[in-house]
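Engineer: Residue numbers 6 to 553, in the numbering used here, belong to the letters of the sequence shown in order.
Hints were generated in silico from the structure; no laboratory data involved.
Take these hints with a grain of salt, some might be off.
Said to hold, decoys possible - Derived lysine to any residue pairs resembling SDA-like cross-links, with alpha carbons at most 25 Å apart:
id, residue 1, residue 2
1, Lys-121, Lys-32
2, Lys-290, Leu-357
3, Lys-214, Leu-442
4, Lys-127, Pro-147
5, Lys-214, Leu-424
6, Lys-32, Ala-111
7, Lys-459, Lys-292
8, Lys-498, Gln-462
9, Lys-86, Ser-31
10, Lys-268, Lys-337
11, Lys-131, Val-146
12, Lys-127, Asn-406
13, Lys-388, Leu-138
14, Lys-131, His-407
15, Lys-459, Leu-172
16, Lys-459, Asp-394
17, Lys-337, Lys-471
18, Lys-292, Leu-448
19, Lys-471, Met-77
20, Lys-86, Glu-391
21, Lys-214, Ala-425
22, Lys-131, Asn-141
23, Lys-290, Met-77
24, Lys-131, Asp-394
25, Lys-498, Thr-309
26, Lys-453, Ser-368
27, Lys-498, Lys-538
28, Lys-290, Gly-255
29, Lys-119, Met-77
30, Lys-33, Asp-467
31, Lys-121, Lys-471
32, Lys-543, Arg-67
33, Lys-214, Leu-448
34, Lys-538, Thr-491
35, Lys-131, Ala-111
36, Lys-290, Lys-453
37, Lys-459, Ala-111
38, Lys-453, Asn-437
39, Lys-127, Ala-425
Keep in mind the model is a prediction, meaning the values are calculated, not measured.
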Amino acid sequence: MVYNMYGVSIDVGTSGMRMHAVDLDSKKIHSTAITVRHPVPGANVVDHLTFCIEVDQNLANRLLIDTANRLMQELDIDLSKVERVAVCGNPIQLSMFQNMEVRDLAYVGENTLKSKGVEPQKRDAKVIPAVDLGLNLREGVPVYIPPAIRHEIGADALAMMYKTGLLEREDNVLVTDYGTNAEMALKVGDEILTGSAAAGPAIEGQQIKSGMLASPGAISDVESEFYWKCKVLGDDMLVGEGDSIEINTGTVIEEGPMHGMAKGITGTGVIAAIATALENGEIVKSKITTTDGCLHLQDGVIITQDDFLEAAKTFGAMRAGHFTLLETAGIKFDELDTMFMSGASGTYVDALKAQRVGLLPPSVDTIYQFGNTSLSMATDIVKDPEMVDKLQSLANSIRANHIMFATDKIFESVFIQELAYWQEGMPIETYNMMLELSDIQPLPTTIKPAEVIKVVQRDIPDLGDKGLKVLREIGIGLKRSFSGCTGCQKCVKECPEDAISVNDAAEGYEIQVLSDRCNGTACLRCERACPQKCFQIKDLQRSSVSAE
6 MVYNMYGVSI DVGTSGMRMH AVDLDSKKIH STAITVRHPV PGANVVDHLT
56 FCIEVDQNLA NRLLIDTANR LMQELDIDLS KVERVAVCGN PIQLSMFQNM
106 EVRDLAYVGE NTLKSKGVEP QKRDAKVIPA VDLGLNLREG VPVYIPPAIR
156 HEIGADALAM MYKTGLLERE DNVLVTDYGT NAEMALKVGD EILTGSAAAG
206 PAIEGQQIKS GMLASPGAIS DVESEFYWKC KVLGDDMLVG EGDSIEINTG
256 TVIEEGPMHG MAKGITGTGV IAAIATALEN GEIVKSKITT TDGCLHLQDG
306 VIITQDDFLE AAKTFGAMRA GHFTLLETAG IKFDELDTMF MSGASGTYVD
356 ALKAQRVGLL PPSVDTIYQF GNTSLSMATD IVKDPEMVDK LQSLANSIRA
406 NHIMFATDKI FESVFIQELA YWQEGMPIET YNMMLELSDI QPLPTTIKPA
456 EVIKVVQRDI PDLGDKGLKV LREIGIGLKR SFSGCTGCQK CVKECPEDAI
506 SVNDAAEGYE IQVLSDRCNG TACLRCERAC PQKCFQIKDL QRSSVSAE
């Protein structure tokens with residue numbers, strides 16, 4: 006009897022983990038498994054980095070490895086038949102996965118690193134035994150890690166450039182991986198400028214009242230004629246027709262095939278709803294104008310005024326990043342020919358609606374929508390392990406200049422105007438006048454009609470013969486008794502993710518936080534709500550049992 010041998014490809018994303026089992030004989034994808042959250046507290050890479058530095062990097066590593074082991078169990082394969090693994094992700098995620106130094110990613114400047122006793126790390130391609138990482142695989146299984154271009158420009162950015170074909174283009178091209186840590190690159194001639202915008206969790210449906218990642222049951226798009234029609238992801242991750250809704254009340258006007266199937270809304274749905282509401286007049290001067298100040302979608306899913314303001318931060322950060330790359334390269338908006346979109350949000354979002362809210366430049370001629378390039382490149386490596394050497398040579402040859410948006414004056418100037426535009430209703434004329442005072446080109450006020458080409462229909466194009474499994478409950482309970490805690494439950498009531506519980510303990514009260522639900526330092530509403538000021542997220546200890 007012949008037993009199939011398998012490879013496992015893993016994308017360690019900022020908001021979750023995605024995984025393929027690949028039949029190494031046929032080179033076909035056998036099955037797919039994903040999580041709907043990240044096991045480490047936090048809503049973006051900065052939060053995860055902060056958790057490593059201020060709480061416990063070993064715990065962050067164990068959370069990721071435990072999740073990978075649990076996810077492999079969902080692949081419907083004999084794990085003793087796994088021959089090799091490939092893992093891709095941004096520098097912070099891959100560093101946590103390998104449990105290597107991350108502080109060099111947190112601090113800028115050689116002198117700062119030296120003063121803190123931090124050695125810069127080489128993030129070249131490497132091969133590590135799976136057992137050394139803690140993966141539950143047999144002895145001798147190698148794990149292939151693709152290279153970063155520079156320590157700020159990780160393997161995921163390399164995947165974005167490689168899988169979209171950016172490096173072969175001769176026109177002016179901008180590519181963006183739409184996620185909480187939005188990597189972007191602008192290619193002008195032989196020069197590549199890169200940056201990474203902390204776009205915020207709203208783009209992936211997090212810190213949104215009814216938000217969720219792209220997974221079955223997520224509203225991913227809306228269309229509007231007289232009534233609003235919802236689009237919902239099915240079990241195959243393809244978009245299905247949902248209900249037609251009266252936006253003021255959520256009253257169902259006409260049921261669709263996906264009636265009753267919506268569990269929440271992903272970032273692309275939020276973008277589409279806001280773009281549609283702006284066009285129809287349900288949002289005017291930064292205010293939702295419906296009777297109760299909410300946009301009502303199917304199955305009780307809503308978008309609140311606070312959700313709009315949260316999403317506006319994403320719109321502002323993305324457009325400020327694009328502005329910064331163009332200005333640094335000396336390129337005008339009308340000189341930008343092509344836009345590439347990757348990642349789950351970049352796949353499912355209606356590109357023209359995204360353009361209306363500033364997530365794409367208004368002047369491009371052609372927009373291409375790609376899928377998850379990080380998982381795709383890891384899968385290529387699983388099929389052909391020698392590819393890591395080719396990728397290392399490619400990474401060495403890329404002449405990329407990285408712009409630190411956090412300290413860039415152009416980014417700061419544009420982002421300030423973006424916040425005023427989205428959150429305070431600043432007129433576009435004033436917006437452009439303020440940019441002119443900073444010697445920055447104006448934002449075109451007319452959106453050029455663009456051709457949209459969907460290269461794939463879902464962010465993971467091939468789910469395999471065995472299909473998709475979704476692992477919804479991951480992470481652990483972090484708990485501790487805090488001196489001074491009165492058990493008032495205010496932290497519980499304030500938590501937007503229902504991550505906290507307060508229980509009686511031998512002495513006083515014990516607070517438990519579910520690691521995968523906690524938004525970490527991006528939130529801290531629990532700490533601020535504590536009347537005794539005794540609760541500190543960073544002081545939590547790992548529970549002896551996993552969260553149920």
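Engineer: Each hint: holds or not?
Structural biologist: Going down the list of hints, with the structure as the test:
1. Proximity of Lys-121 to Lys-32 is assessed by CA-CA distance (about 47 Å); at most 25 Å being required, the pair is judged violated.
2. Restraint check for Lys-290 and Leu-357: satisfied, since their Cα atoms lie roughly 21 Å apart, inside the 25 Å limit.
3. Simply put, Lys-214 and Leu-442 have alpha-carbon atoms about 38 Å apart, too far for the 25 Å limit, and the pair is violated.
4. In summary, the hint linking Lys-127 to Pro-147 is supported, as the alpha carbons are separated by about 19 Å, within the 25 Å threshold.
5. Proposed proximity of Lys-214 and Leu-424 is supported: the alpha carbons are some 21 Å apart, at most 25 Å.
6. Between the alpha carbons of Lys-32 and Ala-111 the distance comes to roughly 39 Å, so the proposed pair goes past 25 Å and is violated.
7. At roughly 32 Å between alpha-carbon atoms, Lys-459 and Lys-292 are farther apart than 25 Å, so this suggested pair is violated.
8. At most 25 Å may separate the alpha-carbon atoms for a hinted pair to count; Lys-498 and Gln-462 exceed this at roughly 39 Å.
9. A threshold of 25 Å between alpha carbons decides the hint, and for Lys-86 with Ser-31 the separation of about 15 Å falls inside it, so the pair holds.
10. Note on Lys-268 and Lys-337: the hinted pairing is violated, with a Cα-Cα distance of about 42 Å set against a maximum of 25 Å.
11. Between Lys-131 and Val-146, the direct Cα distance comes to roughly 14 Å. Compliance with the 25 Å bound is thereby established for this hinted pair.
12. Restraint check for Lys-127 and Asn-406: satisfied, since their Cα atoms lie roughly 18 Å apart, inside the 25 Å limit.
13. For the suggested pair Lys-388 and Leu-138, the alpha carbons sit about 21 Å apart, so the restraint of at most 25 Å is met.
14. At most 25 Å may separate the alpha-carbon atoms for a hinted pair to count; Lys-131 and His-407 meet this at roughly 23 Å.
15. Taken as a hint, the Lys-459 and Leu-172 pair is honoured in the structure, with Cα atoms around 20 Å apart against an allowance of 25 Å.
16. Of the supplied pair hints, the one linking Lys-459 and Asp-394 is violated, its CA atoms being roughly 30 Å apart against a limit of 25 Å.
17. For the suggested pair Lys-337 and Lys-471, the alpha carbons sit about 48 Å apart, so the restraint of at most 25 Å is broken.
18. For the proposed pair Lys-292 and Leu-448, the alpha carbon gap of about 23 Å is at most 25 Å, so the pair holds.
19. Note on Lys-471 and Met-77: the hinted pairing holds, with a Cα-Cα distance of about 14 Å set against a maximum of 25 Å.
20. At most 25 Å may separate the alpha-carbon atoms for a hinted pair to count; Lys-86 and Glu-391 meet this at roughly 20 Å.
21. A distance of roughly 23 Å separates the Cα atoms of Lys-214 and Ala-425; the hinted pair therefore holds under the 25 Å criterion.
22. Distance check on the hinted pair: Lys-131 and Asn-141 sit about 20 Å apart at the alpha-carbon level, within 25 Å; holds.
23. Taking the CA atoms of Lys-290 and Met-77, the gap is about 48 Å. The hint is violated against a cut of 25 Å.
24. Our distance criterion of 25 Å between C-alpha atoms is met by Lys-131 and Asp-394, whose separation comes to about 9 Å.
25. Between Lys-498 and Thr-309, the direct Cα distance comes to roughly 18 Å. Compliance with the 25 Å bound is thereby established for this hinted pair.
26. Between Lys-453 and Ser-368 the alpha-carbon distance is near 5 Å, which keeps this suggested pair within the 25 Å criterion.
27. With a C-alpha separation of about 16 Å, the suggested pairing of Lys-498 with Lys-538 holds against the 25 Å cut-off.
28. Straight-line distance between C-alpha atoms of Lys-290 and Gly-255 comes to about 23 Å, which keeps the hinted pair within the 25 Å bound.
29. With a CA separation close to 40 Å, the supplied pair Lys-119 and Met-77 exceeds the 25 Å bound.
30. Pair hint Lys-33 plus Asp-467 holds up; C-alpha atoms about 9 Å apart against a cutoff of 25 Å.
31. Proximity of Lys-121 to Lys-471 is assessed by CA-CA distance (about 49 Å); at most 25 Å being required, the pair is judged violated.
32. This hinted pair checks out: Lys-543 and Arg-67 have alpha carbons roughly 17 Å apart, not beyond 25 Å.
33. A distance of roughly 31 Å separates the Cα atoms of Lys-214 and Leu-448; the hinted pair therefore is violated under the 25 Å criterion.
34. Simply put, Lys-538 and Thr-491 have alpha-carbon atoms about 11 Å apart, close enough for the 25 Å limit, and the pair holds.
35. At most 25 Å may separate the alpha-carbon atoms for a hinted pair to count; Lys-131 and Ala-111 meet this at roughly 22 Å.
36. For the hint pairing Lys-290 with Lys-453, the CA-to-CA distance comes to about 23 Å; that is within 25 Å, so the pair holds.
37. Simply put, Lys-459 and Ala-111 have alpha-carbon atoms about 36 Å apart, too far for the 25 Å limit, and the pair is violated.
38. Note on Lys-453 and Asn-437: the hinted pairing holds, with a Cα-Cα distance of about 18 Å set against a maximum of 25 Å.
39. With a CA separation close to 40 Å, the supplied pair Lys-127 and Ala-425 exceeds the 25 Å bound.
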